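Visitor: Please construct the entire structure, taking both the sequences and the accompanying hints into account.
Going down the list, the sequences are from chains S and C. The first sequence begins at 1 in our numbering and counts up one residue at a time. The second sequence begins at 1 in our numbering and counts up one residue at a time.
These aren't lab readings, by the way, just hints derived from the structure by calculation. One or more of the hints may lead you astray.
Computed cross-link-like contacts, DSSO-like style, restricted to lysine-lysine with a CA-CA straight-line distance of at most 30 Å [what the hints assert, rightly or not]:
no., chain 1, residue 1, chain 2, residue 2
1, S, 207, S, 239
2, C, 113, S, 19
3, C, 142, S, 138
4, S, 57, C, 113
Label-pair ranges, simulated between beta-carbon atoms [to be verified]:
no., chain 1, residue 1, chain 2, residue 2, range
5, S, 17, C, 82, 46 to 54 Å
6, C, 79, S, 239, 24 to 32 Å
7, C, 23, S, 20, 47 to 55 Å
8, C, 293, S, 97, 37 to 45 Å
9, C, 82, S, 218, 19 to 27 Å
10, C, 82, S, 11, 38 to 46 Å
11, S, 112, C, 322, 45 to 53 Å
12, C, 104, S, 10, 33 to 41 Å
13, C, 53, S, 179, 41 to 49 Å
14, C, 113, S, 20, 20 to 28 Å
So the derived list for chain C, only partly shown, Cβ under 10 Å to chain S, looks like this [to be verified]:
no., residue
15, 52
16, 65
17, 70
18, 97
19, 218
20, 229
Nothing here was measured: the structure is a model prediction, and the numbers come from that model. By construction, the Cβ of each residue, glycine as well, lies at the ideal position given by its N, Cα and C atoms.
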Amino acid sequence: MDDDITLKVEHLRTGYKGKEVLHDISFDVRRGEIRMILGSSGCGKSTLLNNILKLIKATSGTITYFGKTYSAKSGLDYVTRMRMGVLFQNGALLSDLTVAENAMMPLIRSMPYMPRSQMEAIVADRLEKVHLLHAFHKYPAELSGGMQRRAALARAIALKPELLFCDEPSTGLDPVTARSLDELLLELRDTLGVSMVIVSHELESIKIICDRFIYLQDGYVLMDGTLKQGMESELPVLKSFFNRESPKEIDNKDYYHFNFVD
Amino acid sequence: MQSKTIILPESLTAENSRVLLQNCRKALQRGPLLLDGKSLKYMDYSGDAFFALLADTSEKSGYKLTLAHFNDDIKFHLQHLKKPKIPPKNKVNQNFLERLGENTILVARSVAKIFVLLNTCIYWSLYGHFDKGKSKFGGTAKQINRLGAEAMGICFLMVALICFTMALQSSFMLKAVGGGSYLASGLGYLIFAEISPLLTTIILAGRSGSSIAAEIANMSVCEEVKAIKAMAISPVQYLVVPRFIAMTICTPILSFCAGIAGCLAGFLIAFFFFDISFANYFQEIRDGIPPILFLKSTVKAVVFGWLITMISCHKGLTAVGGADAVGHATTSSVVISISSIIVADCAFSFAFY
Numbered sequence: 001m002d003d004d005i006t007l008k009v010e011h012l013r014t015g016y017k018g019k020e021v022l023h024d025i026s027f028d029v030r031r032g033e034i035r036m037i038l039g040s041s042g043c044g045k046s047t048l049l050n051n052i053l054k055l056i057k058a059t060s061g062t063i064t065y066f067g068k069t070y071s072a073k074s075g076l077d078y079v080t081r082m083r084m085g086v087l088f089q090n091g092a093l094l095s096d097l098t099v100a101e102n103a104m105m106p107l108i109r110s111m112p113y114m115p116r117s118q119m120e121a122i123v124a125d126r127l128e129k130v131h132l133l134h135a136f137h138k139y140p141a142e143l144s145g146g147m148q149r150r151a152a153l154a155r156a157i158a159l160k161p162e163l164l165f166c167d168e169p170s171t172g173l174d175p176v177t178a179r180s181l182d183e184l185l186l187e188l189r190d191t192l193g194v195s196m197v198i199v200s201h202e203l204e205s206i207k208i209i210c211d212r213f214i215y216l217q218d219g220y221v222l223m224d225g226t227l228k229q230g231m232e233s234e235l236p237v238l239k240s241f242f243n244r245e246s247p248k249e250i251d252n253k254d255y256y257h258f259n260f261v262d
Numbered sequence: 001m002q003s004k005t006i007i008l009p010e011s012l013t014a015e016n017s018r019v020l021l022q023n024c025r026k027a028l029q030r031g032p033l034l035l036d037g038k039s040l041k042y043m044d045y046s047g048d049a050f051f052a053l054l055a056d057t058s059e060k061s062g063y064k065l066t067l068a069h070f071n072d073d074i075k076f077h078l079q080h081l082k083k084p085k086i087p088p089k090n091k092v093n094q095n096f097l098e099r100l101g102e103n104t105i106l107v108a109r110s111v112a113k114i115f116v117l118l119n120t121c122i123y124w125s126l127y128g129h130f131d132k133g134k135s136k137f138g139g140t141a142k143q144i145n146r147l148g149a150e151a152m153g154i155c156f157l158m159v160a161l162i163c164f165t166m167a168l169q170s171s172f173m174l175k176a177v178g179g180g181s182y183l184a185s186g187l188g189y190l191i192f193a194e195i196s197p198l199l200t201t202i203i204l205a206g207r208s209g210s211s212i213a214a215e216i217a218n219m220s221v222c223e224e225v226k227a228i229k230a231m232a233i234s235p236v237q238y239l240v241v242p243r244f245i246a247m248t249i250c251t252p253i254l255s256f257c258a259g260i261a262g263c264l265a266g267f268l269i270a271f272f273f274f275d276i277s278f279a280n281y282f283q284e285i286r287d288g289i290p291p292i293l294f295l296k297s298t299v300k301a302v303v304f305g306w307l308i309t310m311i312s313c314h315k316g317l318t319a320v321g322g323a324d325a326v327g328h329a330t331t332s333s334v335v336i337s338i339s340s341i342i343v344a345d346c347a348f349s350f351a352f353y
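Guide: What follows is the structure in C-alpha cells.
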C-alpha cells in the first residue's frame, strides 16, 4: 500500500434492520490532506463516519488505517485508535469534568503512569493551540457552543493524532466562529501535519478547507474528486449543492389540474 | 347531470373553510360542482388545503370540479398548487405470537447483556482495578457519596417509619395474647431478614438507580458515550465500574444501618406499650437473631444493589434518541429494578429461610 495513504475505505456496505444504507463506498485519505464527506441531510455521512470509527459495524468491505487492514466486522485495536482523534458534532465533552480534565482523558488512557503535572502541561499546550487556555479550569456548561467545539478539538488532538475525524465541526455556529474554527483546522493541519476526514454540508467551510471530497447521495458515492472538480461539475445535484440552489423538479404530475372557466 | 354551484365568500380562512369544505365535498360526492370565485379576494394558509382536498374528492368520486370567475392571482396560485406526497407509513403487521416472540427475544438479549455487563464489572473491579498497566479514571469515591451517602437520610427515615408502624400494629395483637416480650426479637428478625435489605434497595432503585440511568442515558444521546469509545476507553470501565463498586459498598452498609434505625423506631413502641428497657430490648433482639442472618441480609443487599446498578446502567447505555429516550430509560430502569428486586427476594426466601 502507498505510504502516503493514511486511510483507505474499500467497498464498504452497511445497513440497519436488513436495509442497506451505504452501498459500496470506496475512497482514500492522503497524508496531510483534508478530505470531506459531503451530501445532503440523511444521505449517510454520519453513518459512514461511525463505520470508519468502528462505532457501528459495517456489513462488508475493508478499512485500512495506516497500512493495517480491518474487515467490516472486526473491532479497532487500541494502538490504531490512539493514532486517531475525533471531534463530535456537539463536542460531546463530559459535563462533569473540566475542560482540562476532558482533554486529559486520552492521555490517561494511553499513558496511565504519566505524572498529572506533565499531563497538565500537555493539555495546556493543546488548549493554547485552540486558543482556549483561559478555559483550563472551566466546565463545559460555562462555555459557548464554539468554545465547546474548540475544547473538544483540544481533546481530539491531545495525543497528536495522525488522522482527525470531524463530524460537522462548524454546524450551528455563527459565521465568525465557524470561520475561526475552519482556520484553526487548517492551522492544525499545517502545524501537526494531521490528515482530516470532515463531514460537513456548510458550503463556506467546504470552500475554505476542502482538498478533496466525496459526495454521497442516497448512500452511493456520486462524486470523488477535488474541490475544483466539484465546483465545475455539470451533475445537477452538485451544481445545486455548490451554487446553493434547491433542485427544481418540474413534473406535471406533481400539480393539481383545476378546470377554470371565466 | 347539472352542476351544483357554490359561491365562495370574499375571504377563505381557517374559520370559514371547514363548513364550506364539508358542503363542497358532500356536493362533489353527489355530482359535478362549480365553485364561483367572483367574490373571492383573499385566501389564508387553509385555502391550499381546501382546494387540494376538493380536487382529491373530485378524482375519487369521478364528478367534475369547475372553478369559475377566479381572479388572476388566485388562479395562478392554484395552477401551481403541488400535490403533497405523503410517504406511506411503514407499519409492520405482526400478530400476537410474533409480537410475543420478538419481545421474548428482546428480553432474553437484555438479560444476557446485563450478565455480560456484570461479568465485565467484576473483572474490572477485581483484576482490572489492581492491574498496574490499566488506566484508572477514578470516580468511585464521588459515586459512593452521590449514590450512597446522599441516600442515607431518606433510607433511614423510610425504614424507621415503616418499622415503627409495623411495631405499633403488631403491639396490639401481642398485648392481647400477652406476648409483649416477643416484640423485640420478632421485629429484629423481620427487620434484618426482610425489611431493611428490601426496603433500602427499593428506595435506592428509585433514588440512585434513576439517577444512574438518567445520567448515562443523557450521555448516550449526547454522543458522550461515543466520544469515550472513540478515545479507546471502555464505557463500562469509565461509567459502570465506579457505580458498581460504590453500590456494592454502600448497599449492605445502608441496609444494616437502616435496620438499626428500624430497631430504634421499634424501641419506642416497646418502651411506651410494654415498658421494656433499652438494654432489655436490644438484648432480646441480639438473642433472637442468629449471626448468620446478618450474612444472609448482607448477601441479599449486595445482590439487590447489583441488580439496580446493572439494570440502570444497561438502560442508560442502550438509550437512543432524544429527551424522551432519557425519560424512558429512567422510568423503565426503576420499574425493572424494583420488580427484579422483589423477584430476587422471593428466590432468596426459598434459598435462605
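Visitor: Against this structure, judge whether each hint is valid.
Guide: The hints, checked one at a time:
Taking the CA atoms of residue 207 of chain S and residue 239 of chain S, the gap is near 14 Å; set against the 30 Å cutoff, the hint holds. Simply put, residue 113 of chain C and residue 19 of chain S have alpha-carbon atoms about 25 Å apart, close enough for the 30 Å limit, and the pair holds. Restraint check for residue 142 of chain C and residue 138 of chain S: satisfied, since their Cα atoms lie roughly 19 Å apart, inside the 30 Å limit. Proximity of residue 57 of chain S to residue 113 of chain C is assessed by CA-CA distance (about 18 Å); at most 30 Å being required, the pair is judged to hold.
Restraint check, residue 17 of chain S to residue 82 of chain C: a C-beta distance of roughly 32 Å breaks the suggested window 46 to 54 Å. Range check, residue 79 of chain C to residue 239 of chain S: about 28 Å between beta-carbon atoms, so the 24 to 32 Å window is met. As the Cβ distance of residue 23 of chain C to residue 20 of chain S is approximately 50 Å, the hint placing it in 47 to 55 Å holds. Evaluation of the 37 to 45 Å hint for residue 293 of chain C and residue 97 of chain S yields a pass: the beta carbon distance comes to about 43 Å.
Checked against the hint of 19 to 27 Å, the C-beta distance between residue 82 of chain C and residue 218 of chain S comes to roughly 22 Å, which is consistent with it. Range check, residue 82 of chain C to residue 11 of chain S: Cβ separation about 39 Å, and the 38 to 46 Å hint holds. At about 35 Å, the beta-carbon gap between residue 112 of chain S and residue 322 of chain C misses the expected band of 45 to 53 Å. Take residue 104 of chain C and residue 10 of chain S: their Cβ atoms lie about 39 Å apart, and the range 33 to 41 Å holds.
In this structure the supplied range 41 to 49 Å holds for residue 53 of chain C paired with residue 179 of chain S, their Cβ-Cβ distance being about 48 Å. The supplied range of 20 to 28 Å is met by residue 113 of chain C and residue 20 of chain S, whose beta-carbon atoms lie about 26 Å from each other. With a cut of 10 Å, the hint placing residue 52 of chain C at the interface with chain S holds, because the nearest CB-to-CB distance is about 6 Å. Because the closest C-beta pair between residue 65 of chain C and chain S is about 7 Å apart, less than 10 Å, the hint holds.
Hint on residue 70 of chain C holds. Least Cβ distance to chain S is approximately 6 Å, under the 10 Å limit. Contact between residue 97 of chain C and chain S, as hinted, is not supported at the beta carbon level, the nearest pair being about 20 Å apart and thus beyond 10 Å. Restraint check, residue 218 of chain C versus chain S: the minimum CB separation of about 8 Å is within 10 Å; hint holds. Because the beta carbon of residue 229 of chain C sits about 6 Å from the nearest beta carbon in chain S, less than 10 Å, this interface hint is met.
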